[in-house]
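Trainee: Given next are the chains, with one letter for each unit.
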Amino acid sequence: MLSLLIVSFLTTGGLASAAPVGQFEAGGQIGVLFPGSGLENSHASAALFGVSLGYETGPGRVTLNYGYAGLLAKQASPYRFDVHELSVGYGYEFVRRQPGAGSTSSLGFEASAAAGYGLLSRTLVSARETGKAPAGHIGVGFFQRQGHSRLSLGLDNIVFIESQPDGSARTVSFAYLIALKGGVTYVF
Amino acid sequence: MSSSAAARAVLVAFCAVGSFWLMSAAGCGDMTFYRAKSDYFPLVPGSRWTYEAAGYTAIDSVVGDSSVAGRACVVVLRDYAPEYWTKQLTAVRQFVHLSANRGGQEYVLEERYRLVYALPLVEGATWDESFRDTVVLMGTDTVFLKDSVSGRVAAIEDVETPAGTFIQCYRVEIHREVAAAELSFTADYSEWLAPGVGLVKRRTGTEEQVLTGYEPGR
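Taken in order, these protein sequences are the chains called L and W.
Position 25 (the first sequence) corresponds to 25 in the numbering used here; numbering is contiguous.
Position 41 (the second sequence) corresponds to 1041 in the numbering used here; numbering is contiguous.
A couple of the hints might just be wrong.
Claimed, not checked - Computed Cβ-Cβ distance ranges for the label pairs, DEER-style:
{"#": "1", "chain 1": "W", "residue 1": "Arg1112", "chain 2": "L", "residue 2": "Val184", "range": "51 to 57 Å"}
{"#": "2", "chain 1": "W", "residue 1": "Val1068", "chain 2": "L", "residue 2": "Glu40", "range": "27 to 33 Å"}
{"#": "3", "chain 1": "W", "residue 1": "Glu1157", "chain 2": "L", "residue 2": "Arg96", "range": "50 to 56 Å"}
{"#": "4", "chain 1": "L", "residue 1": "Gly70", "chain 2": "W", "residue 2": "His1175", "range": "28 to 34 Å"}
As the list claims (entries may be wrong) - Reference listing, derived: stretches of chain L covered by chain W, where coverage requires no fewer than 3 residues with Cβ under 8 Å from a Cβ of chain W:
{"#": "5", "stretch": "91 to 101"}
{"#": "6", "stretch": "128 to 137"}
{"#": "7", "stretch": "149 to 157"}
Since the hints were made in silico from the structure, they are not lab data.
Don't be surprised by glycine CBs; every beta carbon is placed ideally from N, CA and C.
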């Protein structure tokens, strides 16, 4: 994942061939998180909330993101699975278009990748388990810029990776979640 | 700061955070998702568990679906005796049939699906259920019935058995008390449930039953 991020960072130009002046940005996202890889059998989808800080130069953006979602049980039950995640990501805007001559807005698509770390907790009434797990993100989305604002809508594929020695072998477990999220960002 | 210096700084920060993530990934979490998505009581037809307890071998197997007391259930042969189980998202229940014999006639004292485990299993979770009834036998003999169970998810442990090492097992402590004339008994036992396998160890007092073989069903 790290290699993927760095390779994409360098080969796509990223900051190295970016516009002469970088810009900071701050924003937030809301969306829906859908559980997968077996989690969907017992967990329902949940609202997703996030905030992000970023630095962009040209088509590349590096972002620091925080996201939260609370997955609930599918049946009426006081069970809850909370996922807090901090991630660092890189996004690359491509197919950038200006709708008309003289227009100050632009739109296009963005591909992104991120590495994150999740703080997890499962609660059932007063019982609580906590844990942590690293995660990788691959996303694609649509964006529109106008003035200082940047609107986005996209899909983010999230894989949490867990592993533990299991006798002479090792058990590796992947938890796949997919997020549909929209965001608004202010570019300073 | 020039744009190239800023770019370098961001790249360095990015690599530093990535390295931290990579080091964290080596430890790779607490298996919280793994527990959340695992089935700790699989009732898949064809599954077969072999246990060893004090020199005695017991075999449990899931033989298929049925309907008992108007409810769909799964038939489990526990040491060749049929048991009827149901599993929903919030509970695992077992059909219980208690009867007393008076004057050559059988009287049903209790017939229902009793709670065995409340789901999902989360460390520290507790549950209890109590069933009470009064049954009159032969017109004069009154039996006060009480069947109660309480359970607690005591710990998450790795368990080594002759069948292998099972990680992320829930240790469940159960207390069951049945008060029903000559059928009365009290039982305290601990069970270790492994993800994707089910019961891998049971301890009752000093007696221990451990899994020696497991064949998953299809």
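Trainee: Going through the earlier hints one by one, which of them does the structure break, listed in rising order?
Mentor: Violated: hints 5, 7.
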